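Residues per chain are reported as follows:
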Amino acid sequence: MATKEETLQYVQTLGELQVVTKEELIAAFDTGKGVRADHTLIKKLDIAEILYYIGGAIVFLGITILLAQNWSTLSFSTKVLATLGTGIAAYFAGLVFNKDVRTEAVGSAFFLISALVMPVGLYVVFDKAGLDMNSSGTHSLISGILLGAFLLSYALSRKNVFLLFSILFGTEFFFNLTSFMIGSGPYFDGWKFSEYRTLVVGISYMFLGYAFSKNEHAPLSGFLYGFGVLGFLGSAMFLGGWKPNQNVFWELIYPVLIFGTLFLSVYVKSRSFLTWGTIFLMMYILKITSEYFSSGLGWPLALVIAGLAMIGIGYLSLSLKNKYFSA
Amino acid sequence: MEYIKKNVSLVLGMAIPVLMIIFVAGSIYLPGLFIQPRFNFLYATGGDNYYYNGGQQYVVQNGVLVQNEKKNQPPTGTITESRLFLYDVTRDESREISFDEARGMNLNSNLVSPDDFEVVPGGRGGGIFPFDFNSGVDYNARYVQGHNVSKKINWVRSSGTYYYNDFHFLGWIKQ
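So the protein sequences, as listed, match chains H and V.
Using the numbering used here, you'd call the opening residue of the first sequence number 1 and step up by one each time.
Using the numbering used here, you'd call the opening residue of the second sequence number 1001 and step up by one each time.
FYI, nobody ran anything at the bench for these hints, they're computed from the structure.
Fair warning: there could be bad hints in the mix.
Computed spacing ranges between beta-carbons, pair by pair [unchecked claim]:
{"hint": "1", "chain 1": "H", "residue 1": "E23", "chain 2": "V", "residue 2": "V1008", "range": "23 to 29 Å"}
{"hint": "2", "chain 1": "H", "residue 1": "T64", "chain 2": "V", "residue 2": "N1106", "range": "57 to 63 Å"}
{"hint": "3", "chain 1": "V", "residue 1": "N1106", "chain 2": "H", "residue 2": "S72", "range": "52 to 58 Å"}
{"hint": "4", "chain 1": "V", "residue 1": "N1053", "chain 2": "H", "residue 2": "W242", "range": "40 to 46 Å"}
{"hint": "5", "chain 1": "H", "residue 1": "I88", "chain 2": "V", "residue 2": "Q1056", "range": "36 to 42 Å"}
{"hint": "6", "chain 1": "V", "residue 1": "T1078", "chain 2": "H", "residue 2": "T64", "range": "47 to 53 Å"}
Here the structure is a predicted model, which is why all the values come from computation and not from measurement.
We treat Cβ as the ideally placed atom computed from N, Cα and C, and that holds for glycine.
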């Protein structure tokens, strides 16, 4: 039996000679450890898989429309069966399909149906129980239950699709719980509070995306990076406000955030960072020129400068992409 | 500790929202532990105020509650009287009182009390679809607000239904 050092030296030689690829080495290692790779969410979706997910969404639409059109005529048991019953059945169907690698994507489509329909089922049950359906407390309860259910599913199966739904329901739970805590209290401006919460969720998504990029959850990084940077930069821009009610702190710090995002795109190797950083930089330039330079002779000059800046930003973005992200 | 060092990003990703929840809870509940409003107030609900001068049955003049003159009579039926309530800020209770009892009180009709509190309506729209879009909006709620504290009050609606203009603040009761 070779020593660890001899084995690693041999692997290095294989890498230099390009006899095997990194993915083949990792797959062989996992096979030896008995770990089955989670193929769901890894490769680009083909047309069949896209149809699976569209089909799942249409099933959800059908159930919701059935309920909406016949709310007063359907009995409680029928409503629960059509929603919660369907959700639970779809969940177990997903488990069955997931056992076979060939039907894993079908299983994920059924999990999607389950994740979409179960909240509706819980709403039906809690409505019958007399809870206020418009209350953040009820929304928190529903999203909390589903967060717990999908976290438990993930803990038992280690599937990325359960982790994805856990993140989504966790986000929903965060928003609903904080809304419940502040109620209709006058100290919290609704929009500002939502902007800050979106900022926090965006930062959290980016950290999670980075944490997952190094392990078997790497397929989720793209989603987390994309929505994380969108939420972060979007909410920071809204926090800056518009003249005459602008927030000077956020308007001044925003270019730092943008350039930080562009720099990080190289470090974490994320095209989402580069793309959204570029887009928001352009939007920021347009915002500042329209706020502060749109009167008098300065406006046409500001537009010319803004246009030239857009060209420069686009060229910079393309250069970064070609240098650090080309295959 | 080793786990945290190895998984700093994961720990930060989960900790940041939790810290915000703790921060929000602290900013809501902690100030209320140290600062409390001290002045009770008088308010009125309901009634056919349209038939009175000034559009209100009751007003405060020179620190005393008075009833406005009626300006016209309804074509049929009788005028519904407004109801008067005294709100106790320490007990969070409303007690209905008569006009004679209220007339004997010394009132401060300023919207802001001597200890810098005021009664304001609830609100808070906004939100981002599908997360928390417009939930929590309650324009019928009333809060005693001041010094970064806001405390929801139990006020008595006139007819059991919710109308934004049903609540009419009259004055702070001088001690």
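Item checked: 47 to 53 Å as the expected CB spacing between T64 (chain H) and T1078 (chain V), which holds or is violated -> Once the Cβ atoms are compared, 50 Å apart, the range 47 to 53 Å for T64 (chain H) and T1078 (chain V) holds.
| query | Is 52 to 58 Å right for how far apart the beta carbons of N1106 (chain V) and S72 (chain H) are? | reply | Distance hint for N1106 (chain V), S72 (chain H) holds at roughly 55 Å.
query: Using the C-beta atoms of N1053 (chain V) and W242 (chain H), is the stated range 40 to 46 Å upheld?
result: Taking Cβ atoms as reference, N1053 (chain V) and W242 (chain H) lie about 44 Å apart, which means the hint holds.
(Q) Is 57 to 63 Å respected by the C-beta to C-beta distance linking T64 (chain H) and N1106 (chain V)? (A) holds, 59 Å
Note to self: Assuming the hint says 36 to 42 Å, is it satisfied by the Cβ distance from I88 (chain H) to Q1056 (chain V) or not?
What the structure shows: Distance hint for I88 (chain H), Q1056 (chain V) is violated at roughly 57 Å.
**Request:** Hint says 23 to 29 Å; check whether the CB-CB distance for E23 (chain H) and V1008 (chain V) agrees.
**Result:** holds, 27 Å
Violated hint for the displayed structure: number 5, the only one.
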